[in-house]
Amino acid sequence: MGTYGGDEVAALVLSVGHTWTQAGYAGEDTPKAIFPTSVGWVESPDQDNDDEDTAMTDAKDNSINNKEDGAEGGQAVGVAPVAGTNGEASSSQPAAKKKKRGKYYVGDNEICCWKRNMEIKSPMKDGLIEDWDALEQIWDHAFYKRLRSTPAEHPLIITESAWNTREIREKFTELAFEKYEFPAFFVAKDAVMTAFAAGRPHALVVDSGGDLTSVVPVYDGYVLRKGIKRQPLGGDVLSEQILQQFQESGIDITPQYLVAKKSPVEVGHKPNVVLRDRPATRSFHRNMQMRVIHDYKESVCQVFETAWDDANVNSRPQKPYEFPDGYNYNFAAERFKVPEIMFNPKELLKQPTPEQENLIGLPQLIFNSAQACDIDFRPTLFSNVVLTGGNTLFPGFADRLHWELNNMPHSYKVKLHAPGNTVERKCGSWLGGSIIASLGTFHQLWISRKEYEEHGAAIVNKKCL
Amino acid sequence: MATGSDVRDIFQLKPASDQVKRAPRTEKKPDGISRELYGLIGNNVSTVAFNNPAYKPKLNLRTKAVSWTWRPFVNPMRDDDMVLHHWQKTMTDPNEEYFFSRYNKIINLQEYTPEEYTKHLQDSDWTMEETAYLWDLCRRFDLRWVLIQDRYEWPPREEDAMAYRTIAGVVPKPESSAQAQSSLSSSSTDAVTTSGAAPSNAMDTTPDSISTQIQPNGATSTLSTPSTTSDATAIASLTPAAGATSSTSVATTPAEATPAPASVVVKKEEVDVVRKVRTMEDLKARYYAINRTLIRLRMSDSSQAVEKAQLLSSMAYDKNREIERKKNLEILNTRTPEQIEEEEALYLEARRIDQNEKKITKERESLLRLLNLRDMYGPGGPASAGLSAGGSLVGGGGSGIIIPSNSINISSGPSSALPGKGSTPATPVTPTAAGSAAAAAAASAGGAAASSNAASATAAPTAAATTTAGSGSNKKRKKNTKQTEDSTPASASSTKGGSSSNNRRPSNASAADAATATGNGGASASNAPVAASSPSSAIANAVPAPVKKEKLTPGAYLRSQKMTPIVSTKIARVQATLAQLGMPYKPNMPTALVMAKWDQLQTNIVTLLDLKKHVDKLENDLKVNKLRQTGGKGANANAGAGAGAGGAASSSSGTAAGGQGGNAPGSLGLLPASSTGLGGTDGDLQNTHYGVKREGAPDDASTTGQIKKKKSRKE
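Heads up: the protein sequence lines correspond to chains A and B, in order. What the first sequence shows, in UniProt numbering, is residues 1 to 465, in sequence order. What the second sequence shows, in UniProt numbering, is residues 1 to 715, in sequence order.
Hints were generated in silico from the structure; no laboratory data involved. The C-beta atom is built at its ideal place from N, Cα and C for all residues, glycine as well. One should not assume that every hint holds.
[As the list claims (entries may be wrong)] No farther apart than 27 Å at their CA atoms in a straight line, the calculated lysine-lysine pairs in the DSS-like style are these: (1) B/Lys326 / A/Lys413; (2) B/Lys362 / B/Lys119; (3) A/Lys463 / B/Lys362; (4) A/Lys226 / B/Lys284; (5) A/Lys413 / B/Lys327; (6) A/Lys226 / B/Lys89; (7) A/Lys145 / A/Lys32; (8) A/Lys226 / B/Lys276; (9) A/Lys415 / B/Lys327; (10) A/Lys337 / A/Lys350; (11) A/Lys415 / A/Lys179; (12) A/Lys171 / A/Lys450; (13) B/Lys276 / A/Lys450; (14) B/Lys362 / B/Lys89; (15) A/Lys115 / A/Lys125; (16) B/Lys119 / A/Lys462; (17) B/Lys327 / A/Lys462; (18) A/Lys262 / A/Lys125; (19) B/Lys362 / B/Lys612; (20) B/Lys570 / B/Lys612; (21) B/Lys570 / B/Lys586; (22) A/Lys415 / B/Lys586; (23) B/Lys326 / A/Lys226; (24) A/Lys463 / B/Lys284; (25) B/Lys105 / A/Lys462; (26) A/Lys179 / A/Lys103; (27) B/Lys105 / B/Lys56; (28) A/Lys463 / B/Lys276; (29) A/Lys226 / B/Lys327; (30) A/Lys145 / A/Lys115.
[What the hints assert, rightly or not] If the Cβ cut is set under 8 Å, some of the chain A residues that face chain B in the computed set are: (31) Pro155; (32) Arg225; (33) Thr306; (34) Ala307; (35) Glu334; (36) Lys450.
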């Protein structure tokens, strides 16, 4: 028997987030594969409807059989029954959009390689799956290309957002059992898994990712639905703001794929660069720009530890950063300004869209979430605030949050758990899944194939609460 | 290498096995000593572990590696026989029951039968179905109330209902629930409850049953429309929409139906409002109430009485109290930092006041005692002898009381606050001031000028004035009295007082004399019409009560509170003395004047009793000492003791001593009754006077000096 109550059954753990997807084997401390959730596809030339239809089902069929090469559009292959059911299941997807897609590109190398007419998009929106075809591509990529495993031999545990809908989880179940034929399956809430990875039965999980920031109270391994608070303010919004900031000051961000030749320039001078002629889609260009900004954020940006103070901020050291086109600059106060949006979006967000008008600061969001829970439980929540998500990795973020939380009008003791290890912070939910799926006591919770066949996909709503 | 056994072999000794192999003595820890303590004192080995460095074990190639097998297993705790695989040691029994199944704990809920429910468990607020739903949630979430409350939705949403139905096997039947309601609940609530339940039922039924159900629901709604509740109108507006769904769609789930006409959506929201909101307290109250009833029902056997009581008490739940508690918690936890700070400050302040109160009363008591002590002796004692005014001195009993209260006021506050405080007591009544002036003068005379800051300050306005006046010429005095009447800023005169007392140190005695002389006027006010030396005394004469005002009792009070309290242990003796004097236990006519005198009398009696005690003790000591030692030595010791005591007293309470000095003269004049009645004891007092004087305090201006002189002489 395992020393720590562990009993490995070689389960696969998959965590699909808005920006990154993590996949690996249960019991390991890092995911085997981490790749962007965004998928790329080249729009196939327009054909008439009949052909497109078959192309679509063809693509599905192929993906089932792990053959992605045949999706050229025109080839007509017999329609597999499984694909048929899948088509029905994902009928909510507007059909016209789907028909256009040809070959999919998944993974860092593939989507970052320039291709004419390649569109790039994340299938997730607001923590929910929007694009099921793309999701299947991601699953394919994870299981076959990265883990190189045979799904029929492993149980699968996936994570989902706490507010995931019943339909989506049922679709997940269907996908796992029908298409990939996993022998057992489980859907776990990512917040619960994060709390698990942090070693806390009760926690207030603050997850700030690319798309959104959410605060989820966890009680004894269950999510408290009434306390879930989220808002579309995440790393992407910050990146947009940075991009805007640069554009306003006349700096154009040129991603690497456009750079043919460059020579060093003085600090703050115009870049001396020769561009390639590579016409790309808007989404691809955007994606590549975002990657540059992402790198900029990682290497330069910082959160001020206490309340914003101009004099104090200006006294902080500057940090140099060079963009792919050779433009370089020493960034001072501006590197603090953008992450500040997380704490005071109302005043600092420039040119907010209508839905961004009502954003509130992260501390307030946390407070509201805890406030929605039972009063006897609130002290526990405040002393178990768990920080996760890539957007929380700014230096000083945890300090600032702790400071802000302590300065709110309440008399609870605030304890912030923010793992210093970046992998742990980024892959919190995957890690939790990895731990839980390797526990001996967990194995009675799996949804088995037999149960699925007896009760249908609805069983997931009973077993995975 | 030769080992121990080789040596033994050579010497043909017995193998040492039994000697060397000491069985690890596991001495049992005696009861009553904690393990940690025993570890320290007990018969044991050192706590530091000596482990010899071990070399890395050699690779053992002889023994075979343990072999592991990838084996299928079935978890018996599962409903199905799902087969998973894991690695196991080959030597273990493959048919062994799955290890982790033992950790599967299932909560033990008290179940009830439908019969029991209908007989005992009905509640006008709860239907049988809802109770069943609650029970199901309790089971599913193992009585984690936070979760139960979080997930509680009755009637369950359509999608949850589906899951509930297909998996749990417990089917919440909307129609039957309506029927149950109508059959269970009383007719008055019937209409309302059904109307409340009906619309949500209509929405929450599964699509296939919609068509069948719409009709009865429609019927209910039309029936209940006249009842004019908002629910009823909601249903009325809902019915056509529901009917439309049933007629148009075959198997549309409401989720799919949402994009349909806006009216439907709106109505759905309305329906959602109808959903009952149950607080955690509601749920808990219901759960525990049912449990209590069930326990009462099932444990009717008298043999289980104890167990039953225990169970009942463990199931006790007071809903209102819980609600109240949570409300209070909420308030407690939503205080702003400012509020918390304020609260803390207030708390500290209260604590401080509380503590000061104790200190003040203690100080006050001791002062009072000392003062009155002096009062007793004033006229007859050496104090008067030292005073030039001598026989004409009649101290004011009233002023005797004032002074301590004043000095207390000041000692509690910083000296800078003096002007305000000092002036308030001083201004209204001049006699007071005069009296306290005497006190201050005496205090300074007592040699404790610096330390008696408080006292001199208290008495400040007039004290300083009178002191200077006393020592100075008549002209000065006039000027100063004028000042007093004008109630000049206290601070100025107080500093003056301080300086004057400092300056006049050598001529202390005379200053004090003068002070006491002026003090007389005030003192006489409350007592007998003696020579009214200052005009202020006349005013004072008319108002005897102001003395009491000085106490500054906050808020409403009883007059009886103004009586000086007697220490409870002495009450009996005081009463006995009163009886001896032929006085009643309480005055028959408690006018202010009478009470003032009564007070005085009582305190004097207390002092008298105290003194008696002291005298007895001292005499005893003296006797013992005399017995022990020869004459000369004994005298020495006596004097030494007296001097020591005097010194201590003067240093510890210069103010008190000063006060005494000023007040002393008044004491006996005050006691017309006691002086007659206590004739016998008076003599005693006179006799013992010297001892007391040494012990108690330097009672007048000159005493300290005298004692010191005595001391030095003796030495």
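Hints, verified against the model:
1. B/Lys326 / A/Lys413: Distance of about 18 Å is within 27 Å: holds.
2. B/Lys362 / B/Lys119: Status violated; Cα separation ~69 Å.
3. A/Lys463 / B/Lys362: Status violated; Cα separation ~73 Å.
4. A/Lys226 / B/Lys284: holds, 19 Å
5. A/Lys413 / B/Lys327: holds, 20 Å
6. A/Lys226 / B/Lys89: violated, 47 Å
7. A/Lys145 / A/Lys32: holds, 12 Å
8. A/Lys226 / B/Lys276: holds, 15 Å
9. A/Lys415 / B/Lys327: holds, 25 Å
10. A/Lys337 / A/Lys350: Distance ~11 Å between A/Lys337 and A/Lys350 Cα, so the pair holds.
11. A/Lys415 / A/Lys179: The given pair, whose Cα atoms are some 44 Å apart, is violated under the 27 Å limit.
12. A/Lys171 / A/Lys450: holds, 17 Å
13. B/Lys276 / A/Lys450: Not satisfied, since the Cα-Cα distance of roughly 37 Å exceeds 27 Å.
14. B/Lys362 / B/Lys89: Violated: B/Lys362 and B/Lys89 sit about 82 Å apart, past 27 Å.
15. A/Lys115 / A/Lys125: holds, 25 Å
16. B/Lys119 / A/Lys462: violated, 32 Å
17. B/Lys327 / A/Lys462: The given pair, whose Cα atoms are some 35 Å apart, is violated under the 27 Å limit.
18. A/Lys262 / A/Lys125: violated, 37 Å
19. B/Lys362 / B/Lys612: Roughly 22 Å between the alpha carbons, so the hint for B/Lys362 and B/Lys612 holds.
20. B/Lys570 / B/Lys612: holds, 13 Å
21. B/Lys570 / B/Lys586: holds, 16 Å
22. A/Lys415 / B/Lys586: violated, 66 Å
23. B/Lys326 / A/Lys226: holds, 18 Å
24. A/Lys463 / B/Lys284: holds, 25 Å
25. B/Lys105 / A/Lys462: Judged against 27 Å, a Cα distance of about 19 Å means the pair holds.
26. A/Lys179 / A/Lys103: holds, 19 Å
27. B/Lys105 / B/Lys56: violated, 44 Å
28. A/Lys463 / B/Lys276: holds, 26 Å
29. A/Lys226 / B/Lys327: Judged against 27 Å, a Cα distance of about 19 Å means the pair holds.
30. A/Lys145 / A/Lys115: holds, 21 Å
31. Pro155: Interface hint status for A/Pro155: holds (7 Å vs cutoff 8 Å).
32. Arg225: holds, 6 Å
33. Thr306: violated, 16 Å
34. Ala307: Violated, about 14 Å.
35. Glu334: Result: violated, 33 Å to nearest chain B Cβ.
36. Lys450: holds, 5 Å
In summary, the numbered hints that this structure violates are 2, 3, 6, 11, 13, 14, 16, 17, 18, 22, 27, 33, 34, 35.
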